[in-house]
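Enquirer: Chains as they are written, first to last, in numbering that gives the first Met the number 0: chain B, 0 to 204; chain Y, 0 to 273; chain A, 0 to 409; chain G, 0 to 204.
Be careful, since some hints might not be right.
From the derived model, a few chain G residues whose C-beta atoms are all more than 10 Å from chain A [to be verified]:
id	residue
1	Glu1
2	Thr20
3	Phe28
4	His50
5	Thr63
6	Ala67
7	Ile118
8	Phe125
9	Asn130
10	Phe142
11	Ala153
12	Thr176
13	Val195
14	Val198
15	Ala199
16	Ile202
Below, computed lysine to any residue pairings styled on SDA-like, alpha-carbon distance capped at 25 Å [to be verified]:
id	chain 1	residue 1	chain 2	residue 2
17	G	Lys192	Y	Pro29
18	B	Lys60	A	Pro209
19	A	Lys123	A	Gln148
20	Y	Lys5	A	Gln148
21	Y	Lys31	G	Leu191
22	G	Lys159	A	Leu190
23	Y	Lys169	Y	Val202
24	Y	Lys268	B	Phe142
25	G	Lys24	A	Ile297
26	A	Lys110	G	Leu132
27	G	Lys192	Y	Asp154
28	G	Lys51	B	Glu91
29	Y	Lys271	B	Ala134
30	A	Lys110	A	Tyr79
31	A	Lys123	B	Ile22
32	G	Lys148	A	Glu366
33	Y	Lys84	Y	Gln111
34	G	Lys148	G	Leu132
35	G	Lys192	G	Thr60
36	A	Lys365	A	Leu388
Since the hints were derived computationally from the structure, they do not count as laboratory data.
Glycine included, each C-beta is placed from N, C-alpha and C at the ideal position.
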Amino acid sequence: MRKQIPIYFVFGSGIIMIVQYFIPSEESDWLFTYANDWVIVVGIFALALGIWSLLRSEFRKLKDPKERFYAAVLLFGFFIMIFTGLKAENLEAGSLMFDIFENVLIPIQATIFSLLAFYVASAAYRAFRARTVLATILLLTAFIIMARLLPLGPISEVNQYGVAWILAIPNMAAKRAITMGVGLGAIATCIKIILGIERTYLGHD
Amino acid sequence: MTFWDKLMNIDRRWVYLCIGIVVIIPAIIPFKVPVSTTLEVERIYDFVESCEAGDYIYLGIDYDPSTLAELDPMTYAILNHAFSKDVNVITACLSQFGPAMAELRLTEVAQQYGKESGKDYCFLGYRPYPAITILSMGLDFQVTFPLDYYGVPVDSLEIMQGIRNLQDVKGVISLTAGNVADFWITYGNGRFGFPLALGVTGVMGADYYQYLQSGQIFGLIPGIKGAAEYEVLSGFETTGLRSIPYQTLSHGVILLFIIISNIGYFASKRKKRT
Amino acid sequence: MGKKMLFMLLLSLLLFAVGNAQTPLEEVLTDTTGPPVPTSPSNVYVEDKPDDDGHGVIVRWDLSPDDGAGMDNVLGYEVYRSDSPDGEYSYVGMAIKGSDEYEDQDDSPIKNGVPNPDFIETEKTYYYKVRSMAAGGIFSEHSEIASGQAIENWFHSGKIGILVGVLIFWSFVVYFIFKARGGKDFYVRPLAGINAVDDAIGRATEMGRPILFVLGTGTAGDIATIAGFTILSRVAKLTAEYQTKILVPVNEPVMMAVAQETVRTAYLEAGRPDIYKPELISYETAMQFPYVAAVNGIMLRERTATNFYMGVFHAESLILAETGNIAGSIQISGTDQISQLPFFIAATDYTLIGEELYAASAYLSKEPILVGTLKAQDWGKAILMLLLLIGAILISANLSFIRDMVTVNI
Amino acid sequence: MEFETIIWHGLAAFLTLCIFTFLYKDNPFYKFAERLVAGVAAGYWTMLVFHKLFVDKVYHTMATGQYAYIIPILLGIGMWTRFSKKHSWISRYSIAFYIGISTGVSIPVYMYTYIFRQISATIIPFTSISNVLVVIFVLCALFYFFFSKAHTGAFNIVSKIGIYTLMIGFGAGFGLTVMGRVALLVQRILFLKDYVREVAAFIGG
Numbered sequence: 000m001r002k003q004i005p006i007y008f009v010f011g012s013g014i015i016m017i018v019q020y021f022i023p024s025e026e027s028d029w030l031f032t033y034a035n036d037w038v039i040v041v042g043i044f045a046l047a048l049g050i051w052s053l054l055r056s057e058f059r060k061l062k063d064p065k066e067r068f069y070a071a072v073l074l075f076g077f078f079i080m081i082f083t084g085l086k087a088e089n090l091e092a093g094s095l096m097f098d099i100f101e102n103v104l105i106p107i108q109a110t111i112f113s114l115l116a117f118y119v120a121s122a123a124y125r126a127f128r129a130r131t132v133l134a135t136i137l138l139l140t141a142f143i144i145m146a147r148l149l150p151l152g153p154i155s156e157v158n159q160y161g162v163a164w165i166l167a168i169p170n171m172a173a174k175r176a177i178t179m180g181v182g183l184g185a186i187a188t189c190i191k192i193i194l195g196i197e198r199t200y201l202g203h204d
Numbered sequence: 000m001t002f003w004d005k006l007m008n009i010d011r012r013w014v015y016l017c018i019g020i021v022v023i024i025p026a027i028i029p030f031k032v033p034v035s036t037t038l039e040v041e042r043i044y045d046f047v048e049s050c051e052a053g054d055y056i057y058l059g060i061d062y063d064p065s066t067l068a069e070l071d072p073m074t075y076a077i078l079n080h081a082f083s084k085d086v087n088v089i090t091a092c093l094s095q096f097g098p099a100m101a102e103l104r105l106t107e108v109a110q111q112y113g114k115e116s117g118k119d120y121c122f123l124g125y126r127p128y129p130a131i132t133i134l135s136m137g138l139d140f141q142v143t144f145p146l147d148y149y150g151v152p153v154d155s156l157e158i159m160q161g162i163r164n165l166q167d168v169k170g171v172i173s174l175t176a177g178n179v180a181d182f183w184i185t186y187g188n189g190r191f192g193f194p195l196a197l198g199v200t201g202v203m204g205a206d207y208y209q210y211l212q213s214g215q216i217f218g219l220i221p222g223i224k225g226a227a228e229y230e231v232l233s234g235f236e237t238t239g240l241r242s243i244p245y246q247t248l249s250h251g252v253i254l255l256f257i258i259i260s261n262i263g264y265f266a267s268k269r270k271k272r273t
Numbered sequence: 000m001g002k003k004m005l006f007m008l009l010l011s012l013l014l015f016a017v018g019n020a021q022t023p024l025e026e027v028l029t030d031t032t033g034p035p036v037p038t039s040p041s042n043v044y045v046e047d048k049p050d051d052d053g054h055g056v057i058v059r060w061d062l063s064p065d066d067g068a069g070m071d072n073v074l075g076y077e078v079y080r081s082d083s084p085d086g087e088y089s090y091v092g093m094a095i096k097g098s099d100e101y102e103d104q105d106d107s108p109i110k111n112g113v114p115n116p117d118f119i120e121t122e123k124t125y126y127y128k129v130r131s132m133a134a135g136g137i138f139s140e141h142s143e144i145a146s147g148q149a150i151e152n153w154f155h156s157g158k159i160g161i162l163v164g165v166l167i168f169w170s171f172v173v174y175f176i177f178k179a180r181g182g183k184d185f186y187v188r189p190l191a192g193i194n195a196v197d198d199a200i201g202r203a204t205e206m207g208r209p210i211l212f213v214l215g216t217g218t219a220g221d222i223a224t225i226a227g228f229t230i231l232s233r234v235a236k237l238t239a240e241y242q243t244k245i246l247v248p249v250n251e252p253v254m255m256a257v258a259q260e261t262v263r264t265a266y267l268e269a270g271r272p273d274i275y276k277p278e279l280i281s282y283e284t285a286m287q288f289p290y291v292a293a294v295n296g297i298m299l300r301e302r303t304a305t306n307f308y309m310g311v312f313h314a315e316s317l318i319l320a321e322t323g324n325i326a327g328s329i330q331i332s333g334t335d336q337i338s339q340l341p342f343f344i345a346a347t348d349y350t351l352i353g354e355e356l357y358a359a360s361a362y363l364s365k366e367p368i369l370v371g372t373l374k375a376q377d378w379g380k381a382i383l384m385l386l387l388l389i390g391a392i393l394i395s396a397n398l399s400f401i402r403d404m405v406t407v408n409i
Numbered sequence: 000m001e002f003e004t005i006i007w008h009g010l011a012a013f014l015t016l017c018i019f020t021f022l023y024k025d026n027p028f029y030k031f032a033e034r035l036v037a038g039v040a041a042g043y044w045t046m047l048v049f050h051k052l053f054v055d056k057v058y059h060t061m062a063t064g065q066y067a068y069i070i071p072i073l074l075g076i077g078m079w080t081r082f083s084k085k086h087s088w089i090s091r092y093s094i095a096f097y098i099g100i101s102t103g104v105s106i107p108v109y110m111y112t113y114i115f116r117q118i119s120a121t122i123i124p125f126t127s128i129s130n131v132l133v134v135i136f137v138l139c140a141l142f143y144f145f146f147s148k149a150h151t152g153a154f155n156i157v158s159k160i161g162i163y164t165l166m167i168g169f170g171a172g173f174g175l176t177v178m179g180r181v182a183l184l185v186q187r188i189l190f191l192k193d194y195v196r197e198v199a200a201f202i203g204g
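When you get a sec, could you build the whole thing from the sequences and use the hints?
Expert: What follows is the structure, given as structure tokens:
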């Protein structure tokens, strides 16, 4: 019984939101905003679960001599942001929280992001080998596109036509086809969820 | 392990090291590398080059500071090119947070050439709703912008005496990072048929080649590479060209590694067969 | 007399021709009589703007005779509005030459903290008049006054195509579900990425190392993430059977809750609720790149034998896939993000491309009902292909009705 | 340049280098930066959600008497029953609404953006070879996604063209992205270079 009732809620709320899409009235607009806020509010409260899970696992690690230092670093980072961020205005420039944000969070994020420059190179070196027809096509296309940056004189003259053609025709076609496939697949998944055929995510006892 | 096998199994750290080196070197010792130019940028250069003193072009500075890194070099290069040829430039901005920035760029370049606002160029300012703005500029600048950015009545400007709307200018170039580009294609070129060219960010670039193919735009400047090409063509070098050495070298390194890995692959395959 | 008549006739013909020709000539001709005042638009009427929430009307009129014909000096139309027929009329907007309607719409009663004068109240009568405008700030007389009300609509007629699309596809799905319930088996072609799942889990078991399942950096409400949950449930069931540890690090708390339910249920169904621990699903941190750094750490320190990436991925796709490669893991990926597919294709062993991600759960479950829905997806694709082909052929012959049918303007 | 700024920037530069060491191999410096940023990000996010979302959607709605929001707030609090084994079934109702709303909202939106708009953009007249090719490539690539047809015989050719189109698209996507990634790395390198200059200027003057 407990397993069945949530499925009805999925069905009910799903159908209401579909119908809402086709109604332009003010009540319908309100419902849309309200439903989206539901999702946000559930997310706000769920954050406590996440924080709890994180802290519990880190406090446990404090007992392990090998992990102790790193767990302490994480907890230090977490609590310093909580304490320095107690006031709303601390999110703005001029506070300790903002300094940490600017000089710890931002540079680390940007540096992790920039690792991609190295990884595109190593992935290209490893993956772009003409083992099969498919790999060869992948390799050649990427090669032509990347070669547009090199000043190769007459080769560049010819290459640019290849670049323009690839981008305007097969690249465009591939994007459209994948998008349409994704659309059908996503809608089918939604229907399966709403009809309760796919329900493993909801759990039962 | 044979030599050919080794070519296929170079430790990834050597690849990283090479990328690191080619990015660090230009940062320490700035230098220039040649840039190969493409047809889509050359066409825009040729268009401005073909203008004679007194001809009109419309330059839409339709981006805001968030994308200035990629689009600023285009603005500088085209303005320099146009002013150096005494072409009359009409500009406006269709991006909400862009007008102040656009005005700074425009006056900066204009001053270098001793150009006067209202006489040699004019800045009309910003209007919301790009589709409507483009449509009405296609009919009459005065209707869309009764006053220019500085509050001067547009019909009193000397530069405006020869022309009335976008159909009277020789061509339109819009530099943009958003869907304004689509509005220019649909409502500008689509409705009035004036020659249109776009300068867009590198990420957007790929999606606009189809309009080049279909003839809806006559030229396209995609991202910093396109900007650098324009700088090379026109001889006005700014930040576009400066960021090219990093790109050329790193792309070169990646291509080199792809070639090495394939040489290794084919050679070892051949060896195994024999 | 006859000659004079003929001359007059020719002159009027000439004037007519000039009037229809380009503007400079016409300006020369009309210059002698002063600035030409255009004629007003006529037959103004106001109707409710359809498909809206009751805060918009459409003002329509017949073009001024000088718009595109006559003196051809009309540049546009100005629209004025008032609360009462004799009240003060204020300018609301303009329409350009050649257009015979103006949409007056505003649904915010308060703007910047003060009552919004442009706000249109539902079911209140407003009065409109229109005048034509020529170059140099010359206007015609105002048209006659017309009135109308904005009404709240209960169906968006522009979205009818979408409704039909949803209904057709929905009925395909339901039809094939019933067919499958009736015992019909459907053939599905093998997918390499799916076939690899069993081996990949087996490999981890042999090596005695854990399996990593990454649900991406979307939210629990993204459909690709939900597809990720459905795949997680099948994979978790297998790992429970093999008694292999599965690690699911997430960066969104709702995702954590749903993933916990998913894995717990899978262990229950596999008959091994005893080895399920909620800690297997861990909240690592918020935000994209700190999360990626943490997952990198897990891959290298837990030495995961198999990594699954199923869900919404952004730039982190390649960072994860390359780190997995360094760790020597077998990697199976799937995402609906077109911009990230190239990196998964290049750096992971198997990739589920777009729609294949959504099909994976049906494949893995082998349940006839779920496999049946794949058939519905195929029918959907068949219809799309047909529409595309016939539409393109027809439009080549200048028949645009199929394109009009699928072109939805919202 | 103030001493404090030099210190803050020094921290940012140090952490940047810590992340770069990961390229060689996993090491204590990387682990330190990784754990620190995980803690800081979790703390920062918590306070951001509190100040921006909790205050707006929970505190403000209750304070201004928007009692309709009691339902989502109760559902949000219901997520907390996950702490208890006995009552955790209550949280499934919250999840049910969350998923129901998300899927319901998505169905018509996907139908519009992923299907209708793509189809309408791809119905183009056969006036040039390019146009014909775009349509053919889209059709073949869509066919590749057919699940219930074995790719044999004539179908094999069509689906081959389809997957080739997709591969060209992926190759192009890969090649085009390299530039942006390199630009990110350049920014990090220039940041480090600027910092060296800053320090030199500070010591020198």
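Enquirer: Test the statement that Thr176 (chain G) is away from the interface with chain A: the closest C-beta pair must be farther apart than 10 Å.
Expert: violated, 7 Å
Enquirer: Between Lys365 (chain A) and Leu388 (chain A), does the CA-CA distance stay at or below 25 Å?
Expert: violated, 33 Å
Enquirer: Tell me if the straight-line CA distance from Lys110 (chain A) to Tyr79 (chain A) falls inside 25 Å.
Expert: With Cα atoms ~20 Å apart, Lys110 (chain A) and Tyr79 (chain A) stay inside 25 Å; holds.
Enquirer: Hey, Lys148 (chain G) versus Leu132 (chain G), does the alpha-carbon distance stay inside 25 Å?
Expert: holds, 24 Å
Enquirer: When you check the alpha-carbon spacing of Lys84 (chain Y) and Gln111 (chain Y), does it fall within 25 Å?
Expert: holds, 13 Å
Enquirer: Taken at face value, is the distance from the CA of Leu191 (chain G) to the CA of Lys31 (chain Y) at most 25 Å?
Expert: holds, 22 Å
Enquirer: Find the nearest Cβ of chain A to the Cβ of Ala199 (chain G) and say whether that gap is larger than 10 Å.
Expert: holds, 30 Å
Enquirer: Over 10 Å to the closest beta carbon of chain A is the bar; see if Val195 (chain G) clears it.
Expert: holds, 25 Å
Enquirer: Closest CB-CB distance from Asn130 (chain G) to chain A, is it above 10 Å?
Expert: violated, 8 Å
Enquirer: Test the statement that Val198 (chain G) is away from the interface with chain A: the closest C-beta pair must be farther apart than 10 Å.
Expert: Its Cβ never comes within 10 Å of chain A, the nearest being 27 Å, so this holds.
Enquirer: When you look at the beta carbon of Glu1 (chain G), is every beta carbon of chain A farther off than 10 Å?
Expert: At about 28 Å from chain A, Glu1 (chain G) clears the 10 Å cut-off, so the statement holds.
Enquirer: Would Thr20 (chain G) pass as off the interface with chain A, using Cβ distances and a cut of 10 Å?
Expert: At about 13 Å from chain A, Thr20 (chain G) clears the 10 Å cut-off, so the statement holds.
Taken one by one, the earlier hints fail for this structure at numbers 7, 8, 9, 10, 12, 20, 23, 26, 27, 35, 36, listed in ascending order.
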